[in-house]
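**Q** Sequence:
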Amino acid sequence: MNDKRRKNGNLGKTILKWVKRALGAAFVLGVIAMLVMAWMPKPIPVDVAEVESGSLLVTVDESGRTRVKDRYIVSAPLAGNVARMALDPGDSVEEGQELAHILSLEPPLMDARSRAQAQARVSASRAAARQARATRSRIEASSQFAEREAERQRGLAARGSVASLAAERADLAHRTSREELSSATFATRVADYELRVAEAALRRQGTTARRGQAATEEQVVVEAPVAGKVLRVIQESEGVVQAGSPLLELGDASHLEIVVDVLTSDAVDVALGASVIIERWGGDEVLHGRVRVVEPSAFTRVSALGVEEQRVNVIIDIDEPYEVWQALGDGYRVEARIVTWEGEDVLKIPSSSVFRRDDGWAVYVVGAERIVALRDVEVGQRNGLEVQIVSGLDAGDQVVLHPSDQITEGVQIEVR
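Residue numbering for the sequence shown follows the numbering used here, beginning at 288 and increasing consecutively.
For the record, the hints were derived by calculation from the structure and aren't laboratory data.
Do not rely on the hints blindly, as some may be mistaken.
As the list claims (entries may be wrong) - Derived SDA-like pairs (lysine to any residue); straight-line CA-CA distance at most 25 Å:
id, residue 1, residue 2
1, K516, I694
2, K307, Q384
3, K356, G383
4, K356, V594
5, K307, G383
6, K356, R577
7, K516, V653
8, K516, G618
9, K329, V653
10, K356, Q384
To be verified - Just the calculated beta-carbon pair ranges, DEER-fashion:
id, residue 1, residue 2, range
11, G630, E385, 53 to 63 Å
12, S639, G531, 13 to 23 Å
13, D378, R567, 25 to 35 Å
14, V611, A530, 36 to 46 Å
These numbers were taken from a predicted model, which means no experiment stands behind them.
Built from N, CA and C at the ideal position, the CB exists for glycine as well.
Hey, can you work out the whole structure from these sequences and the hints?
**A** Next comes the structure, spelled out in structure tokens:
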């Protein structure tokens with residue numbers, strides 16, 4: 288009996304001893320596991336993007352201002368006392384409408400020098416009028432040809448005989464010729480008006496000379512050379528003006544263009560007829576336009592940071608009906624995005640995922656088990672947000688955005 292009790296006691300002690308050993312071993316293993324887990328590298332949280340195929344638009348983004356295409360400053364034909372203007376900016380005027388009245392204060396006698404100057408002015412005005420009419424005739428013929436060519440190219444493009452690009456170029460040439468014809472017509476009317484003013488001044492001086500001292504004052508009516516709107520009233524109050532002094536400025540507010548100055552390094556990529564997206568002009572809709580002229584001469588401008596920049600003006604025609612943008616006026620600010628390249632089905636990724644590596648570009652691609660791999664890529668066109676991938680990636684691949692110094696080859700990441 289005692290032996291049995293002794294055996295049971297020894298067995299209990301043995302079990303208790305092994306239990307203590309097991310608990311100790313488990314504690315040690317737990318501590319080791321915690322240390323291992325603490326020292327193991329953790330996945331780095333990152334943002335990723337998927338390589339996709341779609342449209343890509345490369346633009347030159349700059350602010351610009353609107354400008355009336357054809358404007359004319361009405362000047363005083365002779366020295367005298369001008370009455371207060373009855374017109375305000377924005378008022379519409381018709382061709383031949385009375386704009387101002389001048390009470391002349393010219394000397395009654397005209398010497399040989401004054402007569403020669405007046406005759407020279409008439410001759411110059413007559414030559415300018417002839418040249419303006421000849422220019423208008425030439426542009427009118429070119430416009431008619433451009434219209435026929437545009438119709439022919441549209442027909443060929445509809446049948447598939449020529450590319451649509453040829454039809455678009457023909458349409459651009461037609462629109463440009465119409466704008467040039469409008470400007471030439473305006474210039475012709477202005478030249479004819481200048482000729483009439485010069486001839487009237489010569490006749491008046493001759494009449495005054497024949498009358499002698501009897502008539503020293505005469506009221507002269509200044510008429511509008513063209514129809515349009517008053518852009519500025521330069522001489523608002525009554526007062527004495529000299530011959531040639533500006534009185535007011537006229538223009539057609541329905542014929543606006545946009546002037547955008549861009550860096551010369553960007554201007555080399557801007558083609559005539561390039562599409563333009565016009566934003567932040569004050570309306571709800573986005574306007575569209577076309578590049579008409581890239582001026583050949585650049586100028587220097589100091590930026591807000593004090594850096595000298597070489598810039599050049601790009602002239603843009605608004606390609607929308609006047610009713611859409613009639614709230615725009617002369618000198619209004621707009622934001623223009625000039626399209627320099629566009630493509631469809633382009634393999635692209637965010638610009639923040641590519642970085643320089645040696646002489647090329649590289650990205651970090653997310654692989655199996657979220658392990659990243661460094662991969663060289665060839666890039667093509669790019670804008671501020673996206674970049675074209677020519678080779679090195681496939682659609683559906685995932686790339687790391689804004690890779691930091693922690694991201695290296697073989698690192699495991701965690702998608703945020």
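**Q** Would you mind marking each hint as holding or not holding in the structure?
**A** Comparing the hints with the structure gives:
no., hint, verdict
1, K516 / I694, "violated (64 Å)"
2, K307 / Q384, "violated (115 Å)"
3, K356 / G383, "holds (21 Å)"
4, K356 / V594, "violated (31 Å)"
5, K307 / G383, "violated (116 Å)"
6, K356 / R577, "holds (15 Å)"
7, K516 / V653, "violated (63 Å)"
8, K516 / G618, "holds (14 Å)"
9, K329 / V653, "holds (16 Å)"
10, K356 / Q384, "holds (21 Å)"
11, G630 / E385: 53 to 63 Å, "holds (58 Å)"
12, S639 / G531: 13 to 23 Å, "violated (60 Å)"
13, D378 / R567: 25 to 35 Å, "holds (29 Å)"
14, V611 / A530: 36 to 46 Å, "holds (43 Å)"
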